[in-house]
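Each chain, letter by letter, is given below.
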Amino acid sequence: ACSNGDGKTENSGSSSGATVLNIGMPNGPQTENHNPFLGSSAGASLGYRWMIFEPLVMINGIKPTEPGKPWLATEWKWDANYTKLSLTIRDGVKFSDGQPMTADDVAYSFELRKKYDGLNQDAIPYGTITASGNKVDLTFTRSQFTNQNKILTVFVVPKHQWSTLKDPTQDTLKNPIGTGPYTVKSFTPQTTTLTLRDSYWQDLPKVKELRYTSYNDNNAQTTALANGSSEWSFVFVPNVKAVYQDKDPKNHKLWFPANLGIHGLWINTTKKPFDNPALRRAMNLVINRDDIFNQGEAGYFYPKVESITGIPTPAGDSFIAPEYKDKKHAVDVDGAKKELTDAGFKLEGDVLKDPTGKPVTITLTDPAGWSDYITDLEIIKDNLSTIGIKATVDKANQDAWFKNIDEGNFDAAMHWTNGGATPFDIYQNIMDGKILKPVGKGGVSGNYGRFNSPEATKALDQYANAADDATRTTALNTLQKIMVEQMPIIPTSASNVGGLYSTKNWVGWPDEQNQYGPAQPTQQNALQIILNLKPAGSQ
Amino acid sequence: MSAPTSTITAVTPEGPEVPSNPGVPAKRRRLRFIANPKAATGLVVLAFFCLIAIIGPWIAPYDPSARSSDLIQPPSGKHWFGTTHLGQDIFSQVLVGTRGVMFVGLLAGLVATALSILIGVSAGFLGGAADDGLSALSNVFLVIPALPLIIIVASTIPSAGDLMVALVIGFTSWAWGARVLRAQTLSLRRRDYVEAARATGESTWRLITFEIMPNLTAIIASGFVGTVIFAVMSEITLAFIGISTISDWNWGTILFWAQSQQALAQGAWWWFVPAGLAIAVLGTALSLINFGIDEFVSPRLRSSGHTKVKTKDGHSVRMRVGFTPVLSSSREPVTPVVRRRAEEEVA
Amino acid sequence: MTVTETEVVLEAEGLTKHFPVRRRVRDLLSREHKVVHAVDDIKLTLRRGRVTALVGESGSGKSTVARLMAQLYGRTAGDIRLHGETVTVRGGRKFRAYARRVQMIFQDPFASLNPTHTVRYHLTRSLRIHGREGDLEQNLRNLLEQVQLTPPERYLDKFPHELSGGQRQRVSIARALGADPEALLADEPVSMLDVSIRLGVLNLLRDLKERLNLAILYITHDIASARYFADETLVMYAGRLVEGGESETVTQNPAHPYTQLLIDSAPDPDRLGELSTPEDQAGGEPPSLIAPPTGCRFHPRCVHAMAKCSTELPPRFDLPVPGHWAACWLYEANPDRTEGAAR
Amino acid sequence: MKAPVLEIKNFHVDYGLGSEAVQAVRDVTLTLHRGEVLGLAGESGSGKSTLAYGVTRLLPPPGVISGGSVIYHPPNGDAYDVMALTDAELRKFRWAETSIVFQGAMNSLNPVHKISTQMIDVIKAHEPQLSPSARVARAQEMLKLVGISADRMDAYPHQLSGGMRQRVMIGMALVLEPQVVIMDEPTTALDVVMQRQILAQLVELRERLGFSILFITHDLSLLVEFSDRIAIMYGGRIVEQARSVDLYKDSLHPYSEGLLKSFPALRGERRELAGIPGSPPDLRGMPSGCSFHPRCPQAFDRCSTEIPVLGIPAARNYSNRSVACWLPGRVPISVER
Amino acid sequence: MKFLLQRLAFYVFTAWAALTINFFIPRLIPGDPVTSLINKFQGQMSTEAINSLYVLFGLDKNASLWSQYVDYWGQVFHGDLGLSFTFFPTPVADILKQSLPWTIALVGITTFASFMIGTSLGVVAGWRRGSIMDGLLPVTTFLSSIPYFWLGLLAITLLAGPDSFFPSSGGYEPGLVPGWTGSFIGSAIQHSLLPALTILISSVSGWILTMRNMMVTVASEDYITVAHAKGLSERRVMVSYAARNALLPNVSGFALSLGFIVGGTLLVEIVFSYPGIGYNLFQAVGAKDYPLMQGVFLVITLSVLVANLLADVAYLLLDPRTRKEG
Ligand SMILES: Nc1ncnc2c1ncn2[C@@H]1O[C@H](COP(=O)(O)OP(=O)(O)OP(=O)(O)O)[C@@H](O)[C@H]1O
Ligand SMILES: Nc1ncnc2c1ncn2[C@@H]1O[C@H](COP(=O)(O)OP(=O)(O)OP(=O)(O)O)[C@@H](O)[C@H]1O
Ligand SMILES: [Mg+2]
Ligand SMILES: [Mg+2]
Ligand code: NI
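Residue numbers (this note's numbering), protein chains in the order written: chain A, 1 to 539; chain B, 540 to 886; chain C, 887 to 1229; chain D, 1230 to 1566; chain E, 1567 to 1892.
No lab work stands behind these hints, which were simulated from the structure alone. None of the values given here were measured: they were computed from a predicted structure. Take these hints with a grain of salt, some might be off.
[Claimed, not checked] With beta-carbon atoms standing in for the labels, derived distance ranges:
#1 D/A1363 with E/A1575: 30 to 36 Å
#2 B/F710 with E/D1637: 50 to 56 Å
#3 D/G1439 with B/K849: 53 to 59 Å
#4 D/A1366 with E/W1582: 23 to 29 Å
#5 E/R1573 with A/K208: 56 to 62 Å
[Stated by the list, open to error] Stretch by stretch, here's where chain B covers chain E in the computed footprint (C-beta under 8 Å, at least three residues):
#6 1576-1587
#7 1635-1641
#8 1666-1672
#9 1743-1752
Note that the Cβ used here is the ideal one computed from N, Cα and C, for glycine as well.
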């Protein structure tokens, strides 16, 4: 934030002289913890772990269906209905301490995950892990079709370092050694500085030094972005145009593509009259996603979900069933009213009465501090009033809210779904009967709305274990149909993997035209972006 | 947060002063409190806020939560204090929000005061083990920083309304008052009039309620006002940092929204300023009342109206300790002087 | 015996009060419990219709005696007898019953009335507690008239601060009379009052004694006033009684060296200009009550002190005048020495 | 008559200003002569302390001196009016020429400083040229004079008994050997034995150092014994002034008479104690005329209308006493100068 | 010496009670660190990842509250405060070591400065009543009635910014490495100016007021009049007689206010993104990070107790009456 100090001087003056990139995240003071496995580490929180530890395969987070880019593995092959994986490891890759990376290291990286549940974040059911020559073979106890990207993007750690650690789950790894192009130069709670290695198995990136600064909150981060002291970040900026873009319209850019995860209004499907799909569909028809996008999400943060299947586009374009290809969400109050009258609801003046004659009311709830969700709820509340549903927004206590959602004690709430390489994760999270628990019982890890559809459960099962793509497509189409017809949740927005960045000093960022990866600095693809950056004015 | 805690201990080491001005009936003396300009100003402002708290929701031009198409508009005839990112009317929010603030402030003040009386006065009066136990309790509560404690407690309560917040604040902020009251009770307990009442045969509870309590009124009142300040500040802070679960509007909620929407960065000062000023004015009003009480209790604190004195030869001298101003050093005697008779002159 | 023997109302025998001293770190090691020997072995008799004066310098334990007799403090040892019956009460109904018969007037009229209550409240409470309400209004007037606050209406609804010191003291007395006691313990009832007002209050007390036949303990440090108002005078020094007898005898013919010192020190307008301490007069300061001198407590200051004085506690020795006694070894063997010691 | 050191002339003190002002001291004229003890008596609230503080200009707000002069006669040099001094001159004047001993020694000594510090403070302020060791020596010497051994120099006030503190104050008052010492009820908090010790010491010191004392008390019997002359105050005025013997034997003002009759005597005949009926006047609502008239048994019409003047009584041939009373034979023939 | 034993018992008891409360209160909060992390990673954490976290944090095993309590005391006595969840697996002690200096430096120094300035102004205001200083009181009252965070935010908006001398956030320039270098210390001071200023503004009036009132009370004591009567210089009377005595009651108030440092610092650190202990607490509360919460509370409690102890000692030194012997 200051105009002096060596933080800025190197980047000031002619933009072509830039050697440093300032990356920011609004995550508060950090502690010196470079353990890449731990989400609580500074490396994960700020995203620099990806500059040190590299994946086997680089997969474009916004295009999960595209084949990945070979990275530390040059080849990979799935067998036996995705229960067996053979990897060919790249030669000539060296760790930052000069030791070569071998198949042993790769196998060890998997072993670690197998051995420690705490490190196996995706709960992959590892079977055997064998390394021979430059090959690593893995087996799994179940089909890993839905997890294939998660396995391929596993990062590799050096065995010679990690095998000496007493407890890898509780080590802060003060001296991280990886294959990536950067090493940690200095750490302070505010800023971690990474510096470029002399050698790297690919062309060395142009950025000599990365500075990851952790700001205490969104406000501080936004201010830093606006005044240029932070050049790349992922943060929610209200009124982004005025606050950020207009400060330097030429250089202040943002790109927030969707990934395959969504946000929506979860409805407790066990509560009358919301157990009636017609009511849920009608509600869906009046919700104004433009307002939510523009007012709640500041016009950029969580992109609109356009498809009525709830699958975010363009990331999920290829999954959308043919019959829903062009069906998009649109506000249709009359349609909603028709839907309701058909189902026996009556709109009396301003009040909607359910078939039994009771007025329809609903409490929308989210934690008080989640301002975007609360804003969304305010908008939804307004929207629902157009069909006579009296909604109240309850700003709950965060902990209580979690508990209530978990136990199904709510009418409706804005909540997210899981995300993944395919829309499977979304649907599984919403409708899986296998994780269905009665209202009042907690510990569910999805299906908060207690949506009970054996058909959906079956389709999900089929998809996960199918032997061929056709079965999978059919299963997914069934799920889409259920989603559209039953609306267990009303999708409003897609999850994002975006970023705000400045082209003042560096160019080559991903954007609408060049969608080589999501623009979020804490994603694995950040390494790709860094490798792609060039000093501004050098072209 | 820095609600000025009452300074009454410092002010009255010896309890209620022997009235400086005998002859003025006690009732009139009580009214004199209102005649104190500071207290009067404070009371008027407080009354104004109380009025708004009562009628605010009725006179609010809009529903404070209702959205409109005027997003982030600066103040105008239509929206006196401008609008929010959802087009809500900030003026209405401030008006409607007053009730929550006043309710929580007063209720928390009441709860804390009641607790501090209960604990402080009993500790001071009973003495012995009861005193040790109770004062240890209040010491512990004093040592635990109040705001973090309130934050933690507030976040444990599921869906707390104003009532809950008020109770939480009340239950965590009585310790200071209890300590002051204990000290005061200790000094009152050994007063002759308490002993005398005991010697007359009064029972213990009558001693506490009728002999000791009336003499604590000023301290209790000032403790109450102090806690109200603290409660208002705490409540607003809780809402501001998004911890409290208040679903209704209050000034803190307005500020929370302003802050989470980065109103200042957006240039929407109108979103931020009115609520903050309202808090400051309310806080000042309460502090003024407290000054009034302090001065009422300890007349020495009153700055006398005439601090400058004009001497005969036109100089103006300040009244101060140690150097008494001399108005005129050659004043003629006001009493008649018996003129000397001529014969005495001779004699 | 010139002391007329009327009925004994309240008597104390061997009355002792030790206040514990707050312990410090050092004391913990020494394992000794220090106490203030505020009152030691006092024998005192209050009779109907008589005023007994208790004189002694500040801090000699006079107030403590009064509070012990009023049962406001628990005693360390000794006996308090009301009409010959030992009483020990700490509170509750028994205490009320005792308070009804023995009332105390506090030293400081400015502090002993609650500033927040009116005269009416104070008196009403006193009447009500002891069930003497009857016709309340009439009784209130009677009380005020008894203490010569007339007309009563003028005073009933006043707050203490609206009254002068003498008036306040009268209200205190009225409050004590509200219980219709038999014994009145007046703890320096006039020391805080102005010279011109003192007399009124004392005259009032004397008048009450005569009219209501009260037994009064009059505590003061002004030995001259004891001469005027009390039938009997007891002299206290550092927690002990050192001399007693009829007031006139004690003041005009003091026996104990301390009493002599006290009387010699009192201002005397007739000794114009001869202000100086006689050579044979004791000086020094009162002793610490935590570790009082052994033997006679006065011996360190006493000009007649003998070896025995510092080791043995002198008992009461009767003196020639009936009822007059002194606790001083000077009078041990030969009571005739009285003359010599008293100069 | 001896030479005057302090002449108080037509002295007026008010508390407050304008119409609310309380006139606590009115038109007081009083002379303190070199080497004498002048007693000032009167009941509580009669303005004794106010007069004492007023003379030294130490009245706390809202007190103001609304008139009169206080002429000080230094032993060598010209007399000057204390009321006309500037603050700096006043500071120099204080303690070096006139020192003051207050009623409560505990409150007069700063509880947080050693008594030596407090004594040396004075010397430092007035005789800065003195070396530190000389200052200490002087303080020690003075304390010895009042009977406090040098090893108590470093004690804090609370470590001394009441009598010792009072003696420290007296020692401090004399440390600069002033001409005038004003003592405002210096012994009322002490018991009679201690009181006598201190007064005896004071008499001795006065003989040695030759200062004059203005001694304030309400204990008339003490004054009679101790002082050379006595002035009686009532309602802010001096009502009578005479040599102690004269006053004791034959007081002219009914109030003085009443006062003398209020003290029970310890020795001699049991006198009749008459006392003074009524209660002291309220300074805000002073009775018209002679302020004592409502309580005076001998009051007549004139008393309630005209304020009596202090002067040498006409009837009997008194030379150095004055009284303010309209009773026949006491009406002044001359104003006391 | 008088109340050393009593004080000691008080400190031991208070420490025990406060630490016990510290232990229990966080555990009364519904929810656990993992749900809070879910919140932090809103929508970006898969169900599987959540389960792995329970394992990682050791929350999958159920220990009784009592055994946890016993362990807790074991830890406290060993100076081991456990591992933070938010910054897993960083030991809480390390986090505190990292943030404590900032809080002490900023809030400690400003509280001290505020006390000193407020007290000095109060001395003058109380000594010269009716002068301009006295007239300033209502103004300072108003300033101190402004909610702290509001004042801070306003100050940031109005005074801080890219072109301004005042940085708007952080404890030092992001690029610098903490150390005893000139540029770092300069930067740290520069970053602390605005927060310090706002703390001063909102806290100084309290001290002015208490000190003024004490001065007024003390000024009418006899020994002040005596000091004037002794002809001492005005300064000497004001400082060595009046202020010295008036200060005494404020010493314990000051110690108590040190206790409120962390409570107040929370907002300062939030508003100014200051890397101190208050912000840690805020994070810990938000993340249900019991070990961190306990650690912060421990620090707060101990520092309050130490401050009180210091105040007791200071009192002992300043007021000879408490040193009474025998
Ligand atoms: N509650 C108490 N605790 C400890 N010591 C006490 C207590 N009350 C009195 N004392 C001590 O007992 C002694 C006698 O005190 P008491 O008040 O009886 O004296 P007194 O003769 O009435 O004095 P005075 O004339 O000043 O009223 C004193 O040394 C006093 O310090
Ligand atoms: N600050 C004040 N404001 C108004 N009146 C005052 C003030 N101070 C003193 N007085 C009044 O001035 C009168 C004289 O007071 P002063 O203290 O001189 O009396 P005193 O003769 O010294 O009495 P005492 O014997 O009790 O010391 C009293 O009636 C008192 O009420
Ligand atoms: Mg007593
Ligand atoms: Mg006086
Ligand atoms: Ni505050």
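Hints, one by one, checked against the model:
1. At roughly 49 Å, the beta-carbon separation of D/A1363 and E/A1575 lies outside the given 30 to 36 Å, and the hint is violated.
2. Checking the proposed 50 to 56 Å range against B/F710 and E/D1637 shows it is violated: the Cβ atoms sit about 29 Å from each other.
3. One distance hint, 53 to 59 Å for the beta-carbon pair D/G1439 and B/K849, is violated here, with the actual separation near 41 Å.
4. In this structure the supplied range 23 to 29 Å is violated for D/A1366 paired with E/W1582, their Cβ-Cβ distance being about 55 Å.
5. The supplied range of 56 to 62 Å is met by E/R1573 and A/K208, whose beta-carbon atoms lie about 59 Å from each other.
6. For the segment 1576-1587 of chain E, the assignment as covered by chain B holds, since 6 residues bring a beta-carbon within under 8 Å of that chain's beta-carbons and 3 suffice.
7. Coverage of the segment 1635-1641 of chain E by chain B is violated in this model, with 0 residues showing a Cβ closer than 8 Å to a Cβ of that chain against a need of three.
8. Evaluation of the coverage hint for the segment 1666-1672 of chain E: breached, as 0 residues show C-beta separations to chain B shorter than 8 Å, against a requirement of three.
9. Under the rule that three or more residues need a Cβ within less than 8 Å of chain B, the assignment of the segment 1743-1752 of chain E is violated, with 0 such residues.
Violated hints for the displayed structure, listed by number in ascending order: 1, 2, 3, 4, 7, 8, 9.
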